[in-house]
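S.K.: Keeping their order, the protein sequence lines are chains A and B.
Quick note on our numbering: the first sequence kicks off at 1 and runs consecutively.
Quick note on our numbering: the second sequence kicks off at 1001 and runs consecutively.
Treat the hints with caution; some may be incorrect.
[Claimed, not checked] Derived lysine to aspartate or glutamate pairs resembling DMTMM-like cross-links, with alpha carbons at most 25 Å apart:
id, chain 1, residue 1, chain 2, residue 2
1, B, Lys1102, A, Glu88
2, B, Lys1099, A, Asp56
3, A, Lys91, B, Asp1048
4, B, Lys1037, B, Asp1016
5, A, Lys94, B, Asp1027
6, B, Lys1038, B, Asp1027
If you are wondering where the hints come from, they were derived from the structure by calculation, not from laboratory data.
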Amino acid sequence: MNNNSKKNISSQKISTAQIIHIANLAAIPITKVEEEELRLAFEQTLNTIAELQSVDISNIEPTHQVTGFENILREDKVNQENMFSQKEALKNAKETHAGYFVVPRVLTHE
Amino acid sequence: MNNKLTLKKALDKLNDKSLTLEELYNDINSSIESQNKKLNVYLTLNRDAFETANTNLNKPLKGIPIALKDNYCTKDLRTTASSIILDNFIPTFESTVSKNLKNSGGVILGKTNMDAWAHGSSTETSQYGRTLNPLNTEYLPGGSSGGSAAAVAADMCIASLGTETAGSIRQPAAWCGVVGLKPTYGRCSRYGIIAMASSTDSPGPITKTVEDSAILLNYLAGHDPLDSTSAQISIPDFTKTLNLGVKNLKIGYLYKDLKGLDEITKIFSEQMQVFETLGATVDVVNAINPKHGVSVYTIVQRGEVSSNLGRYDGIRFGKNRSNFGDEAKRRIMIGTYTLSKGYADQYYNTAQKVRTLYIQDFKKLFKTYDVLISPTSPGYAKKIGATQGQAMFGELEDLLLEASSLSGLPGISIPCYKDDKTNLYLGMNIVAPMYREDLVIQVADAFEKATKWNRWRN
């Protein structure tokens, strides 16, 4: 299983700036303390999984799904049993207005 | 005490009227009342359970009380996935597997604690506190289906349901000394189960005996048009292979020489001899090192987590994203990183190729062997607090299960040894080719009946 030609990426370093960037991409609010905790957890995890680079995967196709099923289709028919009423759809929302979900404002007036 | 009955015995007694539902529910409810505060097994109880049970006497499962892991969406019954994000989430629909259970006469007794979002193998990531192992409360029950395994171990239900992506049914079953069956990926529908890693999530039973798992699986499995990865393949009667024995079966003993298992290998090897005395052949086999499975699983699962947990925006349901716990934050962010531009090839695509290698390796082994067996976990249950500072605790505890889970294979964990000093059990993991739960059940049942390790059978 060894292939020594692969580059060694163990002892990977992650910067605080990278953590802030990723948190922003994932829409996860984090504190200063968490930045450092996450940075260390990232390094711990990335250093553990770096061993994968030693496996010879030349000429191997990736597997994304084990079932082998392709093009699973269904009739384009309305399934009444599986429909939400408007009331049901809104039931767990924190805030609604006139039958709509209320979402945070993303555009502001200058 | 009727709460200590197996599913099979409870059904038999309800059938011949030597037990009433009232007697059964009274004993179950007292065992919950006396133990739940200490063990922290149930997050939510279904107050209508007994009333509902009485309307189910004519169905096959006769109103038997079943505990569900709290990631099955249950209509009108709070579902939290052990995260405060869903603290007040009341689903308006029912998961297919719990619907199948209800249609067969099973009654949802309550919702059990788990690792938050199923992220972990300890229940220590639950935002409602950890569950304690009923066998010894200084120890963890395992996870992520830790509450469901503990509910069975403490006789706080007759049987329970868990879900597994790689170990989450079998590892807590092993740590709590009960039976956990992870069906083939696609055998039971994922519809309505709070998604963790969609390419490996598999719902399944956690029970007192192998027979109980076989009975329950009969009612849970089946194709579901609402889950396009659920298999359109006929469902056998899974109880048909009980009592068939293992004569002339070929068994591969996996991971015998793996470093780190030294402590339990001697005990486990002795237990493997049981199969030889029952007429099977047992060969120690070489497989691809399972440690790569830890890496593949970590990458694939965190990638799928980062995508699946994107839906929790606090708008349509639940609270906003600042409420995620530390483990969820770590997983979402690492998944985001390994899937991001420039890193996807190095991590995600590499992992999916190594996954192919495992699938090919198992295919090769199953040309010679009917089933493959290894310990479920590298050791006994770990003490409470063991996850502290361990960003990959679960992945390392599930070392022996990840390769087969990533390959979609069915497996079962059964108790195979008890340490009298701690009262804790070791689990034996039996794996078969896809859709061969019947074989897994046959071999597990033979071992269970030939040995003294099952608490309910002996």
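S.K.: Would you mind marking each hint as holding or not holding in the structure?
M.R.: Here is how each hint holds up against the structure:
{"no.": "1", "hint": "B:Lys1102 x A:Glu88", "result": "holds (21 Å)"}
{"no.": "2", "hint": "B:Lys1099 x A:Asp56", "result": "violated (45 Å)"}
{"no.": "3", "hint": "A:Lys91 x B:Asp1048", "result": "holds (21 Å)"}
{"no.": "4", "hint": "B:Lys1037 x B:Asp1016", "result": "violated (35 Å)"}
{"no.": "5", "hint": "A:Lys94 x B:Asp1027", "result": "violated (39 Å)"}
{"no.": "6", "hint": "B:Lys1038 x B:Asp1027", "result": "holds (18 Å)"}
Comparing the model with each earlier hint shows violations of hints 2, 4, 5; every other hint is respected.
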